[in-house]
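Peer 1: Everything in the sequence shown is counted per full-length UniProt numbering, starting at 1 for the first residue and increasing by one.
Among the hints, a few may not be true.
Stated by the list, open to error - Simulated pairs of lysine-lysine, DSBU-like, Cα-Cα distance not exceeding 35 Å: (1) Lys313 with Lys413; (2) Lys76 with Lys21; (3) Lys418 with Lys360; (4) Lys47 with Lys24; (5) Lys360 with Lys331.
These are computed hints drawn from the structure, not numbers from a lab.
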Amino acid sequence: MICLILFMKPYILDSEGKFVKLNKGVERITGLKAIEFIGLKPRDLVKMGVIDRSVSEIVFEKKERVTIVQKIRNNKTIKEIMVTSTPILDKLGNIKYIVANLRDMTELNFLKSECEKAKTLSNQYFLELKKHKKVKEKVIAESSEMQKVLELASRAAQVDSTILLEGESGVGKEVLAKFIHEMSNRSSESLISINCAALPENLLEAELFGYAAGAFTGSQPKGKMGLIELANNGTLFLDEINSLPISLQGKLLRAIETMEITRLGSTESRHINFRLVAATNKSLEELVERGLFRGDLYFRLKVIPICIPPLRKRREDIMALTLHFLEFFNKKYDRQKEISNEVFQLMESYNWTGNVRELKNLIERLVVMSINSIIDISDLPNEFLNISERFNDFEIQINKIIPLNILLDQAEKLLIKKAVKQHKTTRELAKVLGISQSSVVRKMQSLNENGN
Numbered sequence: 001m002i003c004l005i006l007f008m009k010p011y012i013l014d015s016e017g018k019f020v021k022l023n024k025g026v027e028r029i030t031g032l033k034a035i036e037f038i039g040l041k042p043r044d045l046v047k048m049g050v051i052d053r054s055v056s057e058i059v060f061e062k063k064e065r066v067t068i069v070q071k072i073r074n075n076k077t078i079k080e081i082m083v084t085s086t087p088i089l090d091k092l093g094n095i096k097y098i099v100a101n102l103r104d105m106t107e108l109n110f111l112k113s114e115c116e117k118a119k120t121l122s123n124q125y126f127l128e129l130k131k132h133k134k135v136k137e138k139v140i141a142e143s144s145e146m147q148k149v150l151e152l153a154s155r156a157a158q159v160d161s162t163i164l165l166e167g168e169s170g171v172g173k174e175v176l177a178k179f180i181h182e183m184s185n186r187s188s189e190s191l192i193s194i195n196c197a198a199l200p201e202n203l204l205e206a207e208l209f210g211y212a213a214g215a216f217t218g219s220q221p222k223g224k225m226g227l228i229e230l231a232n233n234g235t236l237f238l239d240e241i242n243s244l245p246i247s248l249q250g251k252l253l254r255a256i257e258t259m260e261i262t263r264l265g266s267t268e269s270r271h272i273n274f275r276l277v278a279a280t281n282k283s284l285e286e287l288v289e290r291g292l293f294r295g296d297l298y299f300r301l302k303v304i305p306i307c308i309p310p311l312r313k314r315r316e317d318i319m320a321l322t323l324h325f326l327e328f329f330n331k332k333y334d335r336q337k338e339i340s341n342e343v344f345q346l347m348e349s350y351n352w353t354g355n356v357r358e359l360k361n362l363i364e365r366l367v368v369m370s371i372n373s374i375i376d377i378s379d380l381p382n383e384f385l386n387i388s389e390r391f392n393d394f395e396i397q398i399n400k401i402i403p404l405n406i407l408l409d410q411a412e413k414l415l416i417k418k419a420v421k422q423h424k425t426t427r428e429l430a431k432v433l434g435i436s437q438s439s440v441v442r443k444m445q446s447l448n449e450n451g452n
């Protein structure tokens with residue numbers, strides 16, 4: 001009530017419609033002194049160009065409360081004012097006074113704008129809190145490439161559009177699918193996952209769409225609900241959808257477009273509401289050209305495509321992923337293993353054809369099988385040790401047997417010096433050396449500190 005009074009600037013008209021009393025707020029809004037109003041009628045202000053129309057004339061005609069929006073000119077500025085005029089009647093029903101209240105819409109609009117800004121900020125903070133609170137699936141994203149992927153996935157998670165995750169085997173498509181589900185409004189419901197390459201065609205159809213009682217020999221007597229039905233109100237993740245038999249692609253397309261499925265052996269359509277996230281490790285576009293994948297399904301899946309780069313193209317993530325998996329497997333197997341700097345260096349330069357899955361499996365192997373508390377080069381498999389071909393362009397003089405880590409350190413210095421002569425930027429150096437840009441900077445700083 002107090003706030004309302006602050007915005008109300010009252011004035012009073014007599015039975016003839018003349019101003020007899022004004023609040024100082026009216027002076028501020030109009031730019032006129034109160035004494036200039038006394039004896040005038042609102043219609044006089046219209047003629048003077050102070051206001052665009054009079055509400056009192058409407059009140060005299062209707063003898064009831066009237067609210068309008070007026071435009072008031074104050075010097076060169078024009079303000080919108082909400083005016084509510086209420087008649088005070090005598091015993092005979094004639095108007096004795098009119099009490100009008102003015103509310104400056106400029107101030108109200110400003111407050112409305114500030115409230116909307118506060119609401120927007122509140123929503124942003126809520127989404128951030130929601131992101132940190134509800135996401136259980138940790139996605140490592142130190143590299144700018146993966147940060148862009150996560151940003152896109154976060155935005156895509158807020159809508160129900162179909163998402164197609166593209167990337168090589170082992171890059172983390174299933175992890176990202178879980179992240180999307182947990183970030184979405186469907187996170188309280190189930191995430192149902194199936195690998196389309198894991199089952200033969202006849203079993204895959206039954207798993208996806210379910211079957212009615214007695215649909216085939218060996219089926220459950222009461223029938224079975226399919227995975228699409230189980231994903232109702234939740235998320236369905238179809239991994240390796242490139243392996244989905246073409247005979248099932250039309251049925252899946254219909255389910256996506258109509259949100260209805262029919263169980264095997266049944267004629268009854270069942271309405272469902274699910275969000276589809278599909279993943280492929282092959283180019284669906286090429287499969288379409290070869291006639292192995294339906295074009296209409298491909299375009300229906302690729303509403304929001306998200307490409308996850310291979311690990312060799314986001315080397316900044318290697319150390320973070322390594323530490324993450326090291327912590328995980330140390331806890332799982334009750335170990336306290338650490339990794340030497342030399343091993344980290346080799347990991348950052350390794351090609352990782354199996355991507356994150358290969359890295360994860362290697363760390364598990366090292367944690368379980370290494371003897372010492374610190375994992376060093378001798379614990380690595382042979383493919384990490386066959387690095388001599390990388391140094392064929394220069395010679396290392398070996399006069400006596402020295403520790404391998406010293407040899408590698410010397411080779412690294414020579415290689416970096418050679419690369420610096422041919423490439424001018426750290427980005428170019430990182431690309432040709434096959435390591436992250438931050439690693440290049442760190443190694444060059446080390447060389448400079450040692451006078452090299």
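Peer 1: Indicate, hint by hint, whether the structure satisfies it.
Peer 2: Hints, verified against the model:
1. About 23 Å separates the Cα atoms of Lys313 and Lys413, which keeps this hinted pair within 35 Å; it holds.
2. Between Lys76 and Lys21, the direct Cα distance comes to roughly 26 Å. Compliance with the 35 Å bound is thereby established for this hinted pair.
3. Using a Cα cut-off of 35 Å, the hinted pair Lys418 and Lys360 holds, with the two alpha carbons roughly 33 Å apart.
4. With a C-alpha separation of about 22 Å, the suggested pairing of Lys47 with Lys24 holds against the 35 Å cut-off.
5. Annotation: proposed proximity of Lys360 to Lys331 holds, straight-line Cα distance about 14 Å (limit 35 Å).
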